[in-house]
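Guided by the hints, dock chain S onto chain F, whose structure is given.
Quick note, the sequences are listed as chains F and S, same order.
Per this note's numbering, residue 49 is the first one in the first sequence, and the count goes up by one each step.
Per this note's numbering, residue 1126 is the first one in the second sequence, and the count goes up by one each step.
Any given hint could be a false lead.
Unchecked claim - Here's a subset of chain S near chain F, in silico, CB distances under 8 Å, partners left out:
#1 1153
#2 1160
#3 1168
#4 1174
#5 1189
#6 1255
#7 1258
#8 1259
#9 1292
#10 1319
Claimed, not checked - Calculated pairs, DSSO-like style, for lysine-lysine (alpha carbon to alpha carbon, straight line, at most 30 Å):
#11 F:82 <-> S:1298
#12 S:1256 <-> S:1306
#13 F:131 <-> S:1158
#14 F:137 <-> S:1158
#15 S:1306 <-> F:82
#16 S:1256 <-> S:1298
#17 S:1256 <-> S:1158
None of these hints come from the bench; they were simulated from the model.
Note that the structure is a prediction, hence the values are computed from the model and not measured.
Idealized CB from N, CA, C, for every residue including glycine.
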Amino acid sequence: MLPKQFDKTSAAANFCAEAQEQFFYRVEGLLSLKQEATLQAHLDSCERCRYQWNQYRLLESQLCLAHEAIPAPGDLSAGFYQKLAQERKVSTPRLRWFITLPTFATAIVAIVLFQTVNHQANPITPMPLRSEKGVSVLSKNVAPSFVSGSEIANMPTQSSASEQHRSVSLKGGGHRALSRHKHAIVSLATTVTLPMTAKQPVVLAMLNDQRPPLEGVDLEVTDNERGFESKVHIGGEDLGNHGTRVVTINDEEPSTMPTFAVEQSQE
Amino acid sequence: MNGEKTVATDEDGTLIARFLSGDATAFDTLFRKYQDYVYHILYGIVGSAEEARDLTQDVFLQVYRSLPRFRHNARFATWLYRIAVNRGVDAARGAKRWRFLPLVQDNSAKEQSADEMTEPEFAFEKQMEQKFIQDTLQRCPLSHRDILVLRYYRDMSLEEIAETLDCSLAAAKVRLYRARKVFKEQYETLYGAPTVTARTKEDADATQAVR
Chain F
49 MLPKQFDKTS AAANFCAEAQ EQFFYRVEGL LSLKQEATLQ AHLDSCERCR YQWNQYRLLE
109 SQLCLAHEAI PAPGDLSAGF YQKLAQERKV STPRLRWFIT LPTFATAIVA IVLFQTVNHQ
169 ANPITPMPLR SEKGVSVLSK NVAPSFVSGS EIANMPTQSS ASEQHRSVSL KGGGHRALSR
229 HKHAIVSLAT TVTLPMTAKQ PVVLAMLNDQ RPPLEGVDLE VTDNERGFES KVHIGGEDLG
289 NHGTRVVTIN DEEPSTMPTF AVEQSQE
Chain S
1126 MNGEKTVATD EDGTLIARFL SGDATAFDTL FRKYQDYVYH ILYGIVGSAE EARDLTQDVF
1186 LQVYRSLPRF RHNARFATWL YRIAVNRGVD AARGAKRWRF LPLVQDNSAK EQSADEMTEP
1246 EFAFEKQMEQ KFIQDTLQRC PLSHRDILVL RYYRDMSLEE IAETLDCSLA AAKVRLYRAR
1306 KVFKEQYETL YGAPTVTART KEDADATQAV R
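The shape of chain F in the complex, shown without the other chains (with noise of 0.2 Å):
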């Protein structure tokens, strides 16, 4: 809206209304110097319009002085970091299936992959042989990995005089496998026909894997026409074929090594 130029033909009313219009643009300095001065004349010679410009001026007076009143903010930015922290957190993005599907699959394959080529870096070697009573045993050096039953068939063979066999010697017992088997009573016999049941690789798992492998146990296992045989040697004492000896493997305390009993029974 443009200021309107005073029409001197106007009626007084008109002049005021008009008058009092221009006071926006007389405060915001709009009005051209003719228009200035027909507001002054004007306001000079009617004292309701001079009147109604000393209310506009106090006023706009008051509106530029409001301001000050506003209480001070202090310092916001603590509240500001403090939400932007919120903000960060509550923003991470989730993970939806089609993102966590192929990296769980991913994170799985690594695992295989991981523990196929540890195995492979660690293989089971087969060590030099000695011969005891007819019967080769390995010693104790065995690289402490998982040995399944199928594996113990398959390990290389070594003819003797009468007889084929495979044998490993391996070392402590099972802490992972023990965590799902506390308490697990594990009946070597020392001298006993182990039928290669379910229950065997578990057993021979749960000797093998230990970290570190415990000192001095020692699992003998040959085959011969009889099918498989089982020797535990503990603390280097070779049990013999004399009686039963139950190993208990005590599970207590996880994060220790498991500890070994050995009971004597008699058949």
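Same frame as chain F, now just chain S:
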């Protein structure tokens, strides 16, 4: 604050560039430079100190997120104010109620000059004036409130208002004219004609002298 216009300068551009290159302290500098600027705008629109503080932080959160998309063909301050006024208007519109300012608060009383402290009546009058103005502002429609805040709380020129509100200079004049008229009508409806205090009289006289 009213007369202390915060002018966006090359310094702002430098700070923005530093922030975008990973310097978090640059944003902190921007925040401290403009927090009062934004707060006053929001206070004028919503009429509550607490809400204005909260909204100021929200505005800077939005700025933090949006700064990478900031185009330097606009002044940073203008862009910031546009965000602030939109946020304030949204908040005020969401409230769907008139806000009544409490009696002019604490800090203004603390900031009184020594002269004012020796003239308690004068100080009280001043506080009441400011309360009336703020209450009247809160009763104005949001479409008028924002431009009044720009003009009187931030002391923006018509050109700056037009730039900030993204409208022509002529449109800014018309809007401010109407807003001022509505404000006066609201004020007189609520409180009658403004009274002359020593302070406003001095100021009005000074204005008149300048004219």
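Status of each hint after checking the structure:
| no. | hint | result |
| --- | --- | --- |
| 1 | 1153 | holds (7 Å) |
| 2 | 1160 | holds (5 Å) |
| 3 | 1168 | holds (5 Å) |
| 4 | 1174 | holds (4 Å) |
| 5 | 1189 | holds (6 Å) |
| 6 | 1255 | holds (3 Å) |
| 7 | 1258 | holds (4 Å) |
| 8 | 1259 | holds (6 Å) |
| 9 | 1292 | violated (14 Å) |
| 10 | 1319 | holds (4 Å) |
| 11 | F:82 <-> S:1298 | holds (20 Å) |
| 12 | S:1256 <-> S:1306 | holds (19 Å) |
| 13 | F:131 <-> S:1158 | holds (19 Å) |
| 14 | F:137 <-> S:1158 | holds (27 Å) |
| 15 | S:1306 <-> F:82 | holds (24 Å) |
| 16 | S:1256 <-> S:1298 | holds (26 Å) |
| 17 | S:1256 <-> S:1158 | holds (27 Å) |
In summary, the one numbered hint that this structure violates is 9.
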